[in-house]
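Colleague: Chains as they are written, first to last, in numbering that gives the first Met the number 0: chain A, 0 to 225; chain B, 0 to 361; chain C, 0 to 254.
Since the hints were made in silico from the structure, they are not lab data. Certain hints may be false.
[Claimed, not checked] The list that follows gives simulated cross-link-like pairs (lysine-lysine, DSS-like), each with its CA atoms no further than 25 Å apart:
1. A:176 to C:140
2. A:176 to C:160
3. A:176 to C:248
4. C:198 to C:55
5. A:15 to C:164
6. A:176 to C:223
7. C:195 to C:248
8. C:128 to C:164
9. C:242 to A:15
[Stated by the list, open to error] One side of the interface only, derived from the structure: several residues of chain A facing chain C at Cβ under 8 Å:
10. 67
11. 70
12. 71
13. 72
14. 75
15. 80
16. 82
17. 90
18. 133
19. 167
20. 171
21. 172
22. 186
23. 188
24. 190
25. 191
Every value quoted in this text rests on a predicted model; they were computed, and no experiment measured them. In this text, a Cβ means the ideal position worked out from N, Cα and C, and glycines have one as well.
Chain residues, written in single-letter form:
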Amino acid sequence: MTLSSADFAAIWLTLKLASLTTVILLLIGTPIALWLAHTRSRLRGPIGAIVALPLVLPPTVIGFYLLLAMGPHGYVGQFTQAIGLGTLTFSFAGLVIGSVIYSMPFVVQPLQNAFTAIGPRPLEVAATLRANPWDTFFSVVLPLARPGFITAAILGFAHTVGEFGVVLMIGGNIPEKTRVVSVQIYDHVEALEYAQAHWLAGAMLVFSFLVLLALYSSRKSQASWS
Amino acid sequence: MTSQINVRLQLSYPGFDLDLDLQLPGKGVTALYGHSGSGKTTCLRCIAGLERAGQAFVQINDEVWQDSQSNLFVPVHKRALGYIFQEASLFPHLSVLANLEFGLRRIARNERRVDLAHATELLGITHLLQRTPNNLSGGERQRVGLARALLTSPKLLLMDEPLAALDSQRKREILPYLQRLHAELDIPVLYVSHSQDEVARLADHMVLLSEGKALASGPIGETLARLDLPLARDDDAGVVIEGRVAAYDAHYNLLTLRLPGSTQHLRVAHGPLAVGQTLRLKVQARDISLSLDPSEHSSILNSLQATVISETGADNQAHVLVRLDVDGCAMLARITRYSRDQLNLHPGQNLWIQVKSVAVLV
Amino acid sequence: MNVRVRSFTPGALAALIGCLAVTGVQADEVQVAVAANFTAPIQAIASEFEKDTGHKLIAAYGATGQFYTQIKNGAPFEVFLAADDSTPEKLEKEGDIVPGSRFTYAIGTLALWSAKDGYVDDAGKVLEKNQFKHLSIANPKAAPYGLAATQVLAKLGLTDKVKDKIVEGQNITQAYQFVSTGNAELGFVALSQIFKDGKVSHGSAWIIPETMHDPIKQDAVILKKGENNPAAKALTEYLKGPKAEAIIKSYGYQL
Chain A
0 MTLSSADFAA IWLTLKLASL TTVILLLIGT PIALWLAHTR SRLRGPIGAI
50 VALPLVLPPT VIGFYLLLAM GPHGYVGQFT QAIGLGTLTF SFAGLVIGSV
100 IYSMPFVVQP LQNAFTAIGP RPLEVAATLR ANPWDTFFSV VLPLARPGFI
150 TAAILGFAHT VGEFGVVLMI GGNIPEKTRV VSVQIYDHVE ALEYAQAHWL
200 AGAMLVFSFL VLLALYSSRK SQASWS
Chain B
0 MTSQINVRLQ LSYPGFDLDL DLQLPGKGVT ALYGHSGSGK TTCLRCIAGL
50 ERAGQAFVQI NDEVWQDSQS NLFVPVHKRA LGYIFQEASL FPHLSVLANL
100 EFGLRRIARN ERRVDLAHAT ELLGITHLLQ RTPNNLSGGE RQRVGLARAL
150 LTSPKLLLMD EPLAALDSQR KREILPYLQR LHAELDIPVL YVSHSQDEVA
200 RLADHMVLLS EGKALASGPI GETLARLDLP LARDDDAGVV IEGRVAAYDA
250 HYNLLTLRLP GSTQHLRVAH GPLAVGQTLR LKVQARDISL SLDPSEHSSI
300 LNSLQATVIS ETGADNQAHV LVRLDVDGCA MLARITRYSR DQLNLHPGQN
350 LWIQVKSVAV LV
Chain C
0 MNVRVRSFTP GALAALIGCL AVTGVQADEV QVAVAANFTA PIQAIASEFE
50 KDTGHKLIAA YGATGQFYTQ IKNGAPFEVF LAADDSTPEK LEKEGDIVPG
100 SRFTYAIGTL ALWSAKDGYV DDAGKVLEKN QFKHLSIANP KAAPYGLAAT
150 QVLAKLGLTD KVKDKIVEGQ NITQAYQFVS TGNAELGFVA LSQIFKDGKV
200 SHGSAWIIPE TMHDPIKQDA VILKKGENNP AAKALTEYLK GPKAEAIIKS
250 YGYQL
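Go ahead and model the full structure; you've got the sequences and the hints to work with.
Modeller: And the structure:
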């Protein structure tokens, strides 16, 4: 017994979801992390707490609120309907949104730590050397925060791969659209198809281990670099 | 005055107010001198635009960088300034060369007035170009930082205690470079320091800051010689004099220096220098004694005619500080109150001063 | 050391329970695994049961497949009220239940339901019109209501037509959630989820005739762990009695 085509479809979908989520999170997580690392605003505490919420909330809570918010009566749903997108539940786009929210702290926090560690001084130095803020970001902040970006990308990707509760709540288990690996495993277990569940679950286990191995190995080499 | 730096700043932090209105010369080195917490660094950061003062006017020669009345605030990266931080703050991910080129590449070709070869030669870092900042000593890093700033061809150089993070040996290593810089490049420098020694060596003009206010601002010689400033109560109070080489005695290895505007001379032990060259000297108040007649039979080399201008109590009950005039050149002497009464000192009195030691600063 | 303590404790507990039974004190507890769709009825039954017998019923609610896995791995349940008949049958074959204790305690009724009034007609024509975007069903591989729903669609000849519109809940509870939140316009749910006091409480529904799918038999068993617990036996007997039957029927189940 090996993996079925449905299993491969689930794996492919999962990789697609995790990649897209990671890219989006790096794009929107970077400005949030920069702001959190440098602001003196009073909103720093509340915004930081909101970003960190998915760390402590059960995924089903996020999934439940997303189900309500993205549904036809929710604010998000009414907005997406008004602009002609329909509702986002049971769609790949909906999963991406859910994953972005769910994995947000895993991307923002390593970035924020990296930016905090860099501190304001290199940014000031760059400014006195005629670099405008964008220039400074790309020529100073980005290279100095590279280890943070690597950690953020790995954690964001891996955490999205492991996501289950949110997908379960808003996905609708549609093959090739919302049926990701973790849900497929759950299906197999529910249907008492233990052999297939083993194959997929084993693959997840190996994948997760390799990801963390890569992460911890790279951390060690970074430590010796700095 | 055609070339001038005008700075007006008003800024309030909890427990600290900065309120300055400074007109500074548009050339040479101006020292912002004061104890920590006096507002020197904040002042420098405001001029650079790294900090934004609520009420501010910053004009560097013909350029206005900030004018809160017309809501003008030129962002830091558009101000033609070089900023030297206490620590060199080199970019650790770039080589020395790439650090130097960082600012250089961001300057239009036709605005470059300092080239790479000149800057690296001036600061003695040509052999370091391929290194990474981690492999440099503290002094080397600070010199690279300085070269990096110079390569942006700044119209103003801001230095925030560039030597403070270095040990005294590194300080001695880097000071000559700063002095060369001063001599070779025509860039006005604002130099923040809490070291009288650095100020005496480098500055032409000085601003004395205390608790966010300027107590004094003027040429270094005049300001150091003022009795009404807390400077006079420092242990190493004294004056700075620019002497011009009049002769060199090779046999005794002595230079004869003429005091500015005077026919009197000071003799100092020093290697040969060409006649006409100037030399900066520091004469400390505690190294001067007063006498009512010229003492011809003494081991003390220098005996000058002077006039008493005024006096003030020194840092303790036993001493007084006397300000004297030597043909228009101010001198300070620290003597005991007892001696003052014995000599019956009074303003306008003519007497002789004996200079026990002279420090050559350049 | 750990192992010895563990193996010792249940024995001691059983001995204690045995003592209590002999001395005639009837305040026993029974641990029950209950299929999620039977949540409301068992709560109503429990209070009657506790009042009438003095036993205490401790219920856990969840998916039948999961309960199976947990039971096979040593979960402390004594009575199992499943959502189907195949899982209890499997447990019976595998020797995990008290022989002869299996019986059908309720037969589920399937309903096509929408949270919107007037959306679902009482003959299911809405399915053929096919003007909805999402049709919610329970996972047919795991949930009997889901399997029944696919049988109904097959019978109507609509399997391929609605294939792309089906969204699956992992269980019948989630299938209901998708519809109740409006994310799916309609879906196949358990009548018990929308039935109160003998009628559909809100929205619109078509109660599917039982001829259109295999009966959704929900079987109960006493598990090996409950073998010596009189409260377990008492509960299964109570479920067969007239009081429980009335309650079960009032939630839209049949018997």
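Colleague: Look at each hint and say if it fits the structure.
Modeller: Hint by hint, here is what the structure shows:
1. This hinted pair checks out: residue 176 of chain A and residue 140 of chain C have alpha carbons roughly 19 Å apart, not beyond 25 Å.
2. Note on residue 176 of chain A and residue 160 of chain C: the hinted pairing holds, with a Cα-Cα distance of about 18 Å set against a maximum of 25 Å.
3. This hinted pair does not check out: residue 176 of chain A and residue 248 of chain C have alpha carbons roughly 39 Å apart, beyond 25 Å.
4. Between residue 198 of chain C and residue 55 of chain C the alpha-carbon distance is near 31 Å, which puts this suggested pair outside the 25 Å criterion.
5. Proposed proximity of residue 15 of chain A and residue 164 of chain C is supported: the alpha carbons are some 22 Å apart, at most 25 Å.
6. The suggested pairing of residue 176 of chain A with residue 223 of chain C is violated, with an alpha-carbon distance near 43 Å, which exceeds 25 Å.
7. The suggested pairing of residue 195 of chain C with residue 248 of chain C holds, with an alpha-carbon distance near 10 Å, which does not exceed 25 Å.
8. A C-alpha spacing of about 13 Å is found between residue 128 of chain C and residue 164 of chain C, which places the hinted pair at or below 25 Å, so the restraint holds.
9. Annotation: proposed proximity of residue 242 of chain C to residue 15 of chain A is violated, straight-line Cα distance about 54 Å (limit 25 Å).
10. Satisfaction of the interface hint for residue 67 of chain A is found here, the shortest Cβ-Cβ separation to chain C being roughly 6 Å, below the 8 Å cut-off.
11. Annotation: residue 70 of chain A was flagged as interfacial toward chain C, and the flag holds, the nearest CB pair being 4 Å apart, inside 8 Å.
12. With 8 Å as the threshold, the beta carbon of residue 71 of chain A comes within range of chain C, its nearest partner Cβ sitting at about 4 Å, so the hint holds.
13. Interface hint status for residue 72 of chain A: upheld, as the beta-carbon distance to the closest one in chain C is roughly 5 Å, under 8 Å.
14. The beta carbon of residue 75 of chain A comes no nearer than 12 Å to any beta carbon in chain C, farther than 8 Å, and the hint placing it at the interface is violated.
15. Violation of the interface hint for residue 80 of chain A is found here, the shortest Cβ-Cβ separation to chain C being roughly 11 Å, above the 8 Å cut-off.
16. The interface hint given for residue 82 of chain A is violated, since its Cβ lies 17 Å from the closest Cβ of chain C, which is over the 8 Å cut-off.
17. Below 8 Å, beta-carbon pairs count as interface contacts, and residue 90 of chain A has none with chain C, the closest being about 10 Å; its hint is therefore violated.
18. Checking residue 133 of chain A against chain C: minimum C-beta separation of about 41 Å lies over 8 Å; hint violated.
19. With 8 Å as the threshold, the beta carbon of residue 167 of chain A comes within range of chain C, its nearest partner Cβ sitting at about 6 Å, so the hint holds.
20. Among the interface hints, the one on residue 171 of chain A holds; its C-beta lies about 3 Å from the nearest C-beta in chain C, closer than the 8 Å criterion.
21. Given hint, residue 172 of chain A at the interface with chain C, holds; its Cβ is 4 Å from that chain's nearest Cβ, closer than 8 Å.
22. This hint holds: residue 186 of chain A has a C-beta 6 Å from the nearest C-beta of chain C, less than the 8 Å allowed.
23. The closest approach between the C-beta of residue 188 of chain A and any C-beta of chain C is roughly 7 Å, which is under the 8 Å cut-off, so the hint is satisfied.
24. Taking 8 Å as the C-beta contact cut-off toward chain C, the hint placing residue 190 of chain A at the interface holds, the least distance being around 4 Å.
25. Interface hint at residue 191 of chain A: satisfied, since its Cβ lies 6 Å from the closest Cβ of chain C, which is below the 8 Å cut-off.
Going down the numbered hints, you'll see the structure goes against 3, 4, 6, 9, 14, 15, 16, 17, 18, while the others check out.
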